[in-house]
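J.: Listed below are the residues making up each chain.
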Amino acid sequence: MFRRLPESDTATLRFKIDGRPATGRAGESVAAAMLAAGVVTCRTTPIGGQKRAPYCLMGVCFECLVTIDGIGNRQACLIPLTEGMDIRSQDGARDMAGEPVTEAAP
Amino acid sequence: MKRLANVVELAASYDLAIIGAGPAGMSAAVTAAEAGLSVLVLDENGAPGGQIYRGITGTPVKRREILGAEFWRGEEIVAGFERCEASYAPHATAWSLAPDGSKGFEIGVSLGGAVRHIHASEVIAATGAHERPFPIPGWTLPGVMTAGAAQIALKANALVPDGRVVIAGCGPLLFLVTAQLLAAGANIVAVLDTAEPGNWRRALPHLPGFLRSPYLMKGLRLLLKARRANFISRVTALRAEAGDDGCLARVAHTRGSTETTLACDTLLLHQGVVPNINLANAVGCEQDWDDGQLSFVPRIDDWMQTSIPGLSIPGDGGGIRGAEAAALGGTLAALGAAARLGRLSQDERNQRAAPVRAEFERLSAGRAFLDALYRPPKAFRVPAEAETIVCRCEEVTAGEIREVVAGGVTGPNQLKVFLRCGMGPCQGRQCGLTVTELMADARGVSAEAIGSYHLRPPFKPVTLGELASLPSNDAAVKAVVR
Ligand code: FES
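Chains A and B are the protein sequences, given in the same order.
The opening residue of the first sequence carries number 1 in UniProt numbering; numbering runs sequentially from there.
The opening residue of the second sequence carries number 1 in UniProt numbering; numbering runs sequentially from there.
Some hints here could point you the wrong way.
Claimed, not checked - Straight-line C-alpha distance at most 30 Å; calculated DSS-like pairs for lysine-lysine:
#1 LYS51(A) <-> LYS416(B)
#2 LYS378(B) <-> LYS51(A)
#3 LYS2(B) <-> LYS378(B)
#4 LYS460(B) <-> LYS416(B)
#5 LYS460(B) <-> LYS51(A)
#6 LYS2(B) <-> LYS103(B)
#7 LYS62(B) <-> LYS16(A)
#8 LYS2(B) <-> LYS62(B)
#9 LYS218(B) <-> LYS62(B)
#10 LYS62(B) <-> LYS225(B)
#11 LYS225(B) <-> LYS378(B)
#12 LYS103(B) <-> LYS460(B)
#13 LYS51(A) <-> LYS16(A)
#14 LYS460(B) <-> LYS16(A)
Simulated from the structure, these hints should not be mistaken for laboratory data.
Model, not experiment: these values are computed from the prediction.
Start from the sequences and build out the full structure, keeping to the hints where you can.
T.: Here's what the structure looks like:
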């Protein structure tokens, strides 16, 4: 939960977060745009289903993994927001194509 | 500076490849380009500055006083970088680096959705620092982030945490972030200071060096600004607690024998920065445990060269000295590389280096005092509670690690096999130090004796889609098959 300083230029890029329309500023990362759009949780963990959110915003922790335009496990804090992006939070494990991974073994 | 956006714009070979466009990388590029080297700078961010000057070329924060004079010092160095002859690839990731006989290095680069291998005769890895792990109960809850993350959100995006903010930990950056967030109008309900009062005694022997460095005045100014917040000192335990929604709702802290709980919406954690050693480690550079900085540090010589000839690590990646020393270290590394490539004579190199080195040493001398003064307490480095998560990716707890150690597992690499600890996407960046110190504590031996994870390339994830873009030549086959 973040707010934009009033002096910052207006958010003009349109994107979707879990189907919900939102706007972001040109030049910001997907993670920043999500935080500004009121997103608190960006994924649940593959093992314990724990809620997680961006933690470091500098590419170190990999907590910010989301699915962008159908491709899973993207590092939201390193990827620049672009017009029309379809961003989805991730539940559990994903393979690199963004499909949920079904675990066969225990 | 020539900006590259696509792998097809990359040359096959450069005299010098620089990884990271923070102060060390930028100043290395300027010096090397001046000496006539062909230089490629690869950086993960979209604009130069590194983390310290993050967003400096395009920050939406208009009031300069919010970010402070120290931040804006970066403008001069970025301007120099923009004027120099180097090629610069933003949003680029270097994911592998392999010494290539005596001829240099082969680097795996991903840029604009495709990958290439390029050759560089010399490499400067200016990969900087990241925040030390801060494993407390509840540190994985949404609503908890690092103080550095909040600072990046402010610098790069003019974002301020909404609602009640608690900041906890110790170190110079804690004060800086507090001052910046106050100036930006954040509602900081408390700053929970975890520094141990006894640190002063341990820091005193380092005071003369500190007094000669410019840290003193900077530090005092900052302290005065940050102290306007509600400071609560001598905090000995912290716990983040979730509300019904599974996100952060409260933070509990212990002071003396009293525990107090504060309702809050955001908790920012920070207890210092440590060198980002992943690349150095994956390539096999010798490293040593630094007990002052409580971290592994790559072994470097006077020209920032590691144990691998031709690979240099200036800046905080080679030991924390701060942004100004990093810029000077970058210059020294570039002079060293230029001389090894025969573009500067030893005399020229030494002559140009002398004033830079003198200033570098003056700045470095101030660091030991800060390291001792803000040494993070053991309670926050080695979690005592069994259920505290150590490896965030694989959800491995301190209790599980202690159990496995009791069962005879001796080191971090063996631990991976038993618990998958450090095998998640972050490759141990977050848990590496905690694991080392926790195992050292459990076994009653030194951190040096425990050692660290051995990492392997790719040290950053590459997708199969990106790999498919490799032109089919020997290098491509090698990259996938090896
Ligand atoms: S928030 Fe840490 S990697 Fe993106």
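J.: Evaluate each hint against the coordinates.
T.: Consistency of the hints with the structure:
Simply put, LYS51(A) and LYS416(B) have alpha-carbon atoms about 24 Å apart, close enough for the 30 Å limit, and the pair holds. With a C-alpha separation of about 28 Å, the suggested pair LYS378(B) and LYS51(A) falls inside the 30 Å cut-off, and the hint holds. Using a Cα cut-off of 30 Å, the hinted pair LYS2(B) and LYS378(B) is violated, with the two alpha carbons roughly 47 Å apart. At roughly 18 Å between alpha-carbon atoms, LYS460(B) and LYS416(B) fall within 30 Å of each other, so this suggested pair holds.
Taking the CA atoms of LYS460(B) and LYS51(A), the gap is about 24 Å. The hint holds against a cut of 30 Å. With a CA separation close to 25 Å, the supplied pair LYS2(B) and LYS103(B) stays within the 30 Å bound. Restraint check: the Cα-Cα separation between LYS62(B) and LYS16(A) comes to about 28 Å, which is no more than 30 Å; the hinted pair holds. Between LYS2(B) and LYS62(B) the CA atoms are separated by roughly 28 Å; this keeps the pair inside 30 Å, and the hint holds.
With a C-alpha separation of about 22 Å, the suggested pair LYS218(B) and LYS62(B) falls inside the 30 Å cut-off, and the hint holds. For the proposed pair LYS62(B) and LYS225(B), the alpha carbon gap of about 20 Å is at most 30 Å, so the pair holds. Annotation: proposed proximity of LYS225(B) to LYS378(B) holds, straight-line Cα distance about 28 Å (limit 30 Å). Note on LYS103(B) and LYS460(B): the hinted pairing holds, with a Cα-Cα distance of about 24 Å set against a maximum of 30 Å.
Between LYS51(A) and LYS16(A) the CA atoms are separated by roughly 20 Å; this keeps the pair inside 30 Å, and the hint holds. Simply put, LYS460(B) and LYS16(A) have alpha-carbon atoms about 27 Å apart, close enough for the 30 Å limit, and the pair holds.
Violated hint: 3 only; the structure is consistent with all others.
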